[in-house]
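Q: Chain by chain, the residues:
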Amino acid sequence: MMDKKTVGDIAVLAALSLTDEEKEQAWEDMSRMVSFFDRLKQADVEGISGYNSPEPAAGREDCGQDAESFRKDVSVDPAAAEEIRSLAPQMKDDMFIVPRTV
Amino acid sequence: MNTVPTQGKKTHKGSDLGDLGALELSALIREKEISVTEVLDHVFAISDKMEEKLNCYITLDREGAYIQAEKVQEQINAGNVTGILAGVPVAVKDNICTKNLRTTCASGMLEGFVPPYDATVVERLRRAGCIITGKSNMDEFGMGNTTETSAFGPVHNPVDLIRSPGGSSGGSAAAVASGEAFIALGSDTGGSVRCPASHCGVTGFKPSYGRVSRYGLVAYASSMDQIGVLAKNIRDAQAMYSVIAGPDGRDACCIKDSDPAAGGLYTGNLKGVRVGLVRNLTDTHASDDVKKAVYEAADAFRQTGADVFETDMGYTEYATAAYYLIADAECSSNLARFDGVKYGYRSRGAYKDHFELTAMSRAEAFGPEVKRRIMAGCFVLSEGFYKDYYLRACRVRELIKREYCRLFETYDILLLPVASSPAPVLGGSDDVIRGYDADIFTIGANLAGLPAVSVPFGYADGHLPVGVQLCAGYKKEDILLKAAAGLAPYARYSDKQDPD
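Chains A and B are the protein sequences, given in the same order. What the first sequence shows, in the working numbering, is residues 1 to 102, in sequence order. What the second sequence shows, in the working numbering, is residues 1 to 500, in sequence order.
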């Protein structure tokens, strides 16, 4: 069951800073979404494994997805480091600036 | 009703450019009947007139397009570019990375993001001599089905400006329908190519999961994301598919073998093709106009020589919940990368530590729907809830996938609606969560990784386009496109460019 403390905990996991008013709205929305997801509790999934990879379904390669190999571990030309650095909102001496951590 | 004229510039032989499909246009360009620059003059003239009303594009790249046009024209003149879509103006959805061209995902988070690289599909477009006109508007990070979650304002449907074009690839669909582009790329995680295609009266094709590389597509729900095509007709859609499909070592889920369907469009009669009309979904979830289009499509299939049967699909009552649960879980993980440090928006507020910097940046830059989905995703993946929610949804997904396998033992093609009703009025509903069930017809193909296409087939209220959806087995694009090409000429919404 969704309670307001859980919503606060989830906001931390989601790394979202919410005002009290936004937390109230999030609690309403989350309660409705969880109740929407609760439809799945009626499904009989006994003996069914979770499908969560591009591997073919057991014995059903005709309608599974191809098991795919990874590319070889060789270096390639990445985007220029300077271009990547230029995307950062704040940089100094080739380092990302963050608030003091220690 | 306020509609968009697509008539305009004529070729030397007097053909109206607005009447041409992408393939025909490219043929004229390669025959020097018209120059690439003249074609751009035509599409940008439509943009000048309509863009303020339609809002198809987040970034319209006129300058870049004319520079590309000059280069491509030189290559065509030198005989170095001979591809079937050479010179054709293409709109690219704004979640597909384009080097040195802003890519925002319609989010405040990436408002100023200029990628240092091209997505694989963009590399292939450029190699084929296509001209990128700009980056098309969409729902924020693909999360929505009306474009109303875009941080840049919604797209308006060219057929009726008070209506949504559908989403999330609404800008791409509206650009093709209005003539602001001859063809477009979109992405389809739960119907985001097919839904806007249906609402705008164009063809929308989502290939099997893995047929088209996702390298450079900003990830939303990685196990379902797939780049697709919005086109004026099936032949154009197949042609663009042939340009963008194929193996790519930079996407580990990309299918290794090439698709024969990318080599050319199979046409001819559909004798012996077994079509299953999904009766329970159609009869219980679609409006009368949509039902009529689907049953008329079944009649049309009979006329082509196909064998049509009515069938029921199981587990449909769980499909939208399983889809949204899995999509939200994946989005919460994928969007965790936006931290206000490495790239994207950074809060200027008074944060006291690193976590606050990230949490404030995300709270200020993401829109309400994105936040809702991230939070829901974090919830279903969190300790204590993971097993009862995420894992259970994965198991339901397997059931749904098996159900498609069962149906494709009997049928070559499934026929069903794309959307429950024609294009909705913008601002007509502020209940986003209730709207999730509207995706019930399209999400199955994403959950099971299957190819599907929306074919314009009828009208609602006399003027609003209605598409019908065809879905085929995994990697069966050949039969899917053949069936779509066979069906299209029977549409009340004329598909003039199609053969037969």
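Hint data in this document are derived by calculation from the structure and do not stem from the laboratory. Incorrect hints may have been included.
What the hints assert, rightly or not - Some, not all, of what chain A presents toward chain B, calculated at C-beta under 8 Å:
1) LYS4
2) GLY8
3) ILE10
4) PHE36
5) ALA43
6) VAL45
7) ALA80
8) GLU83
9) GLN90
10) LYS92
11) MET95
12) THR101
Computed from a predicted model, the values in this text were never measured in an experiment. Quick reminder that beta carbons are idealized off the backbone N, C-alpha and C, glycines included.
Q: Now, for every hint given, state plainly whether the structure supports it.
A: Here is how each hint holds up against the structure:
1. LYS4: 13 Å, violated
2. GLY8: 11 Å, violated
3. ILE10: 5 Å, holds
4. PHE36: For PHE36/A, the interface hint holds, since the closest Cβ of chain B sits about 6 Å away, which is under 8 Å.
5. ALA43: 5 Å, holds
6. VAL45: Holds, about 4 Å.
7. ALA80: 7 Å, holds
8. GLU83: This hint holds: GLU83/A lies near chain B, its Cβ roughly 4 Å from the closest one there, short of 8 Å.
9. GLN90: OK, holds: GLN90/A within 8 Å of chain B, min 7 Å.
10. LYS92: Result: violated, 13 Å to nearest chain B Cβ.
11. MET95: 11 Å, violated
12. THR101: 6 Å, holds
Checked against the numbered hints given earlier, this structure breaks hints 1, 2, 10, 11; the rest are met.
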